[in-house]
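Peer 1: If you want the building blocks of each chain, they are given just below.
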Amino acid sequence: MAQASIAGAGSAGQNGAPNISLVSQRTRAWRTFRRNKSALFGLGMIVLVIAIAVLAPLLAPYDPIVQDTVNRLERPSSEHWLGLDHFGRDVLSRIIYGTQVALIIGIASVALGGVLGTAMGIVAGYFGGRISSLIMRVVDILLSFPDLITGLLVVAVLGTGMTKLIIAIGLTIAPRFARIAYGPTLSVKEKEFVEAARALGQRTRIILSRHILPNVAGELLVLASLWTAQAIRLEASLSFVGLGVQPPTPTWGQMIRDGTVYLTNFPLLAIAPGVALLFTVFAFNLVGDGLRDVLDPKSK
Amino acid sequence: MLRHIFKRLLLAIPTMFVVVTIIFLLVRVIPGDPARAALGDYASEEAIQSLREDLGLADPLWQQYITYLGNLIQADLGTSMVTRDSTWDQIQFVLPHTLELTIAAVLLALAFGIPIGVIAAVRQNSAADYVGRVVSLLGLSIPAFFLGLLLIYFFSAQMGIFPAIGAGNFSDPVDNVYHLVLPAVSLGLIEMAYVSRMTRSVMINVLSDDYVRTARAKGLLERVVLMKHAFRAGLVPIISLIGIFVVGLIGSSVLTEEVFARPGLGKLMIGAIKQRDYTLLQAIMVIYAFFIVVINIIVDIIYTVADPRVRYE
Amino acid sequence: MTKRKRSVALLMSFILVATSFGGFLGASGAGAQDRETLVFGINAADIGNLDPHYASATQDRAIVDMVFNGLVRFVPGTVSELEPDIAAEMPTATENEDGTQTWTVALRDDVMCQPSSETEAYQLTSADVVFSLQKAASDDTSNYASAYAGWTVEAVDDQTIEITVETPVSDALFLPTIANYSGGFIICQQPFEALGADGFITNPVGTGPFMFQEYTPQNSVVLAANDDYFRGAPALSGVEVRFIADGTTRELALQSGELHVAAGLPEAQWADRVSEQEGVVVDVFGVGEVLFLNINTTIEPFDDPLVREAIMLAISREGHIALSGAPVGEAVYSPVPAQLMEGGLTEEEATEADVNYEQDTARAMELLAEAGYEDGFEIDLVTSEMDSYRLNYEVLADELRQIGVTVNLEVVQHAAMHELIRQDENALTFYVAYRPNADVYLSQFFTEEGGVTNFSKYDVSDLVEEARATTDSAEQAELWKQANINLQQDFAGYGILLVNQVYARQDTVDYGHELNAVINLYPGIDETTSISGD
Chain A
240 MAQASIAGAG SAGQNGAPNI SLVSQRTRAW RTFRRNKSAL FGLGMIVLVI
290 AIAVLAPLLA PYDPIVQDTV NRLERPSSEH WLGLDHFGRD VLSRIIYGTQ
340 VALIIGIASV ALGGVLGTAM GIVAGYFGGR ISSLIMRVVD ILLSFPDLIT
390 GLLVVAVLGT GMTKLIIAIG LTIAPRFARI AYGPTLSVKE KEFVEAARAL
440 GQRTRIILSR HILPNVAGEL LVLASLWTAQ AIRLEASLSF VGLGVQPPTP
490 TWGQMIRDGT VYLTNFPLLA IAPGVALLFT VFAFNLVGDG LRDVLDPKSK
Chain B
5 MLRHIFKRLL LAIPTMFVVV TIIFLLVRVI PGDPARAALG DYASEEAIQS
55 LREDLGLADP LWQQYITYLG NLIQADLGTS MVTRDSTWDQ IQFVLPHTLE
105 LTIAAVLLAL AFGIPIGVIA AVRQNSAADY VGRVVSLLGL SIPAFFLGLL
155 LIYFFSAQMG IFPAIGAGNF SDPVDNVYHL VLPAVSLGLI EMAYVSRMTR
205 SVMINVLSDD YVRTARAKGL LERVVLMKHA FRAGLVPIIS LIGIFVVGLI
255 GSSVLTEEVF ARPGLGKLMI GAIKQRDYTL LQAIMVIYAF FIVVINIIVD
305 IIYTVADPRV RYE
Chain C
29 MTKRKRSVAL LMSFILVATS FGGFLGASGA GAQDRETLVF GINAADIGNL
79 DPHYASATQD RAIVDMVFNG LVRFVPGTVS ELEPDIAAEM PTATENEDGT
129 QTWTVALRDD VMCQPSSETE AYQLTSADVV FSLQKAASDD TSNYASAYAG
179 WTVEAVDDQT IEITVETPVS DALFLPTIAN YSGGFIICQQ PFEALGADGF
229 ITNPVGTGPF MFQEYTPQNS VVLAANDDYF RGAPALSGVE VRFIADGTTR
279 ELALQSGELH VAAGLPEAQW ADRVSEQEGV VVDVFGVGEV LFLNINTTIE
329 PFDDPLVREA IMLAISREGH IALSGAPVGE AVYSPVPAQL MEGGLTEEEA
379 TEADVNYEQD TARAMELLAE AGYEDGFEID LVTSEMDSYR LNYEVLADEL
429 RQIGVTVNLE VVQHAAMHEL IRQDENALTF YVAYRPNADV YLSQFFTEEG
479 GVTNFSKYDV SDLVEEARAT TDSAEQAELW KQANINLQQD FAGYGILLVN
529 QVYARQDTVD YGHELNAVIN LYPGIDETTS ISGD
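For the protein sequence lines, the chains are A, B and C, in the order given. Numbered by my numbering, the letters in the first sequence go through residues 240 to 539 in order. Numbered by my numbering, the letters in the second sequence go through residues 5 to 317 in order. Numbered by my numbering, the letters in the third sequence go through residues 29 to 562 in order.
Take these hints with a grain of salt, some might be off.
Here are the simulated lysine to any residue pairs, SDA-like style, with alpha carbons at most 25 Å apart [stated by the list, open to error]:
#1 B:LYS11 - A:GLY367
#2 A:LYS403 - B:ILE34
#3 C:LYS485 - B:SER48
#4 B:LYS11 - A:ARG376
#5 A:LYS403 - C:ILE407
#6 A:LYS403 - C:PHE405
#7 A:LYS403 - C:GLU438
#8 A:LYS403 - A:SER383
#9 B:LYS11 - A:ILE374
#10 A:LYS276 - B:GLN128
#11 C:LYS485 - B:ASP37
Keep in mind the hints are simulated off the structure, nothing from the lab.
Bound-form chain A, shown alone (with noise of 0.2 Å):
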């Protein structure tokens, strides 16, 4: 999945032209990839964290939401590393079940979110027109506020729950691609090979998907590491507020939530999944940085 992705980038390219051969072009964005260190050493945190989610019916040693009221807040200990939590369960397989539910929310809401900006973008920029800019002037409004409040509104009227909370994060990230597709947009349909795709008869879809599509989305690529990141964050802080995923499910905002009640006297139970939170929003960061700086050598 992450392969896929940044063997992705390499099709982005500079704003050059798409056609030239795609696999050199490829092949050099992966060397310089491959040569920044960092970003490499989060793709690795990436991996991991992705084979920690499949993996966790085989790596949790606990169903994560049997509960043992009896037991509850039991300290960690030979049987329960990580020790239970108000409800008497593991949190150890709590946060690693938290890992699948960090990657969906993460991961949908980037991908709903990127396609509709993306779409909306990319439209709005090749057919230019009064609606486009009424459009993007909404966008540049929307952009204008912080996204936790923008995510806080919206999931106060959607309410909570994963599926709510996916839709949520994705509706408030949209703008940002929107915002990022179109510059590019209206740049690239100037260009000579699109107006001469143009000239040539070619479908205005093929030309969108084709020709403007593949030279945004280096930049969109970018954009979705660094939003993955930040749709992490976003859930585990609306979740910290309260307005999260529905219980019993494992969540490391809710967990965090519920264990600054215990922070005095039993600090793993807030500290624990903070720092699951901590490693897998950097190791996005840590990506996007990385693919940044493929793209836009000069920022290196």
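Chain A is fixed; fit chains B and C onto it per the hints.
Peer 2: Here is chains B and C on its own, set in the frame of chain A:
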């Protein structure tokens, strides 16, 4: 110049209008009944119904909207549905706390973030740069509430140096600062990460520009090159980015206020959502929107003043 | 680099100086006065409504209790005994020829209404009391109107009122309605009219030992000593109620001495741990709020008694109690708690009547299979985000999972839950409540009269009405017990546990009374409460 500022101000009006409309609609579709929230668990159905009528919740949507806009134009933000107090009074009380926290965090972020960014850019790819980048990326990754929690754990629970509780009184400046330290550091550290990263990448761009190279080639002192040429050139983009930070900061402050149980706009907002206090939530959002628009205009003006190359038709 | 180090050092030293300076200021400030202000950290984000006839959240009840009086009051620290408050002596009843009953209440002549921003202090008269009781009885101005239905209140003279009730009631049912609780709190007419109903929400004015001084949203309510209080000037100069919704923050603030009294977590483990701190005392006391289950007997598949029985057998009282732990959590064996009032079932009584269901997962699954649900089923439930609900719903979801019933639990805001459960959104409804007597519990939750709060759609009104008409208290209690047995026998409702109050204080704080139980859900702070000098 003046014409440009005037134009920006004029443009802000439709922006505010759109924001206010979006907020009005969003807030209406939030499930839950503010009348029940206001009356509590014991209230009878008749009492709730009559309060709904008193609060104008039974009116058709367009009528509520017109009343709302009419009041807003007269700078009336409405009364809270729960406490029946003026919402502006409630906001007025918490606003200084949020402003104080935001300003303290911005100052911290700039005071440390800009030098760190410049040093990192000058010594690009050195060990210091590398450590700085990792640390700042960590700063970008850590959720504000978790950082706040860690600070509370170490400095309040373990060492007992700083209070974990609320905000200090403005009448007692010492107490006020004492309460401000942890939240401001928690928010400031995160913003510092942004500022240092942006400064670094802006400065790297500037340092590779031709005239800086020329200046260097002419044998000017490195420090002079840095301060006189590079930093000044970098200042403009940095200023414009600060606008974005401050807006982002407003978002993060919601969580910081929540974690530190500190009165503020963000905490008020979460409370309003939980209590279904439509009018209060609307008022808070309008205040947020107002600040965001103002910050953008200020940044824009500074931008124009600081960089004569920027011209507007 | 060195410059940075220096500035960090500078900052730290500034902070150190600032802290010591702050400490010095605090110390000298306290020394200058004889009386201290008690700082009380309460578990809430803000006030809800400080009009006593609306106050229902814990923080609201605590504040109004310090500001207002009733005609009679619960002896401080208890809920079993009443004594005169504004009344000069305990009221007595006479039966009238037309079948009604009249209670005559003589008032003290030294009760002063507190001054407010709009009005001066003045002596309370029967006009204020009549106004207050009429306000409490009206649906438009009170949440507790139903308790005063059929009442006529009249002033006989300045110092005497008469209350005529349509159907005669016993002392046990009548006196709590004029006590220092809910609608029984007496408000002063002049300030209420001057401030208006909306103003009263954030600016209550009564006759009590403390008077309202200042409200800062989401932060605090400051009360000042009422030196004209009829029982004498308070030993404290005032009370500052601070809203701190986070338990850890309250605990740290108590530890650092910023709070004198702090609401604890309803957990025995917390009580034990915090009481180990030096100079801190933790009190665990009543009244406990009862958690009971209501099963909607009209919604499929719960219209089938077999399914309802299976639900009862899935529940483990111990599992729910463990969330709090003894002595904070205690088992109850009927929705009416036997340990707090007449009419509830004790463990023996419940077992004898066969309505004390032990957890039996295997039998529960058999019953489900018998009802045609051998593969279980799925239900959607909503819960409040408040821990007292959410945690118990989560435990219930785990218990039901074990018998093959999948619960999709949605967490909503507290007010939203109350709205949804009144629309029968939950087939299984937990309710957490304290009510002053069995009549209120039963009529509100298990009769048609209860309306939307009859979550089970089960009706024991025959027994409740019979009990209401009985003036013999032993007979009355038997009827209430029978109602509790019936509703558990038919698997409509089930008492699970009650959770006591947990409050921590500095050991310098003396509430001025023993802490057994307090009806207003806080330790009870009055003119006798003091802080000894250290």
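Peer 1: Determine for every hint whether it applies to the structure shown.
Peer 2: Results for each hint:
1. B:LYS11 - A:GLY367: Distance ~23 Å between LYS11 of chain B and GLY367 of chain A Cα, so the pair holds.
2. A:LYS403 - B:ILE34: Distance ~14 Å between LYS403 of chain A and ILE34 of chain B Cα, so the pair holds.
3. C:LYS485 - B:SER48: Judged against 25 Å, a Cα distance of about 18 Å means the pair holds.
4. B:LYS11 - A:ARG376: holds (16 Å)
5. A:LYS403 - C:ILE407: holds (19 Å)
6. A:LYS403 - C:PHE405: holds (24 Å)
7. A:LYS403 - C:GLU438: holds (12 Å)
8. A:LYS403 - A:SER383: holds (23 Å)
9. B:LYS11 - A:ILE374: Holds: LYS11 of chain B and ILE374 of chain A sit about 21 Å apart, inside 25 Å.
10. A:LYS276 - B:GLN128: Cα-Cα ~15 Å, so holds.
11. C:LYS485 - B:ASP37: holds (24 Å)
Violated hints for the displayed structure: none, as all numbered hints are satisfied.
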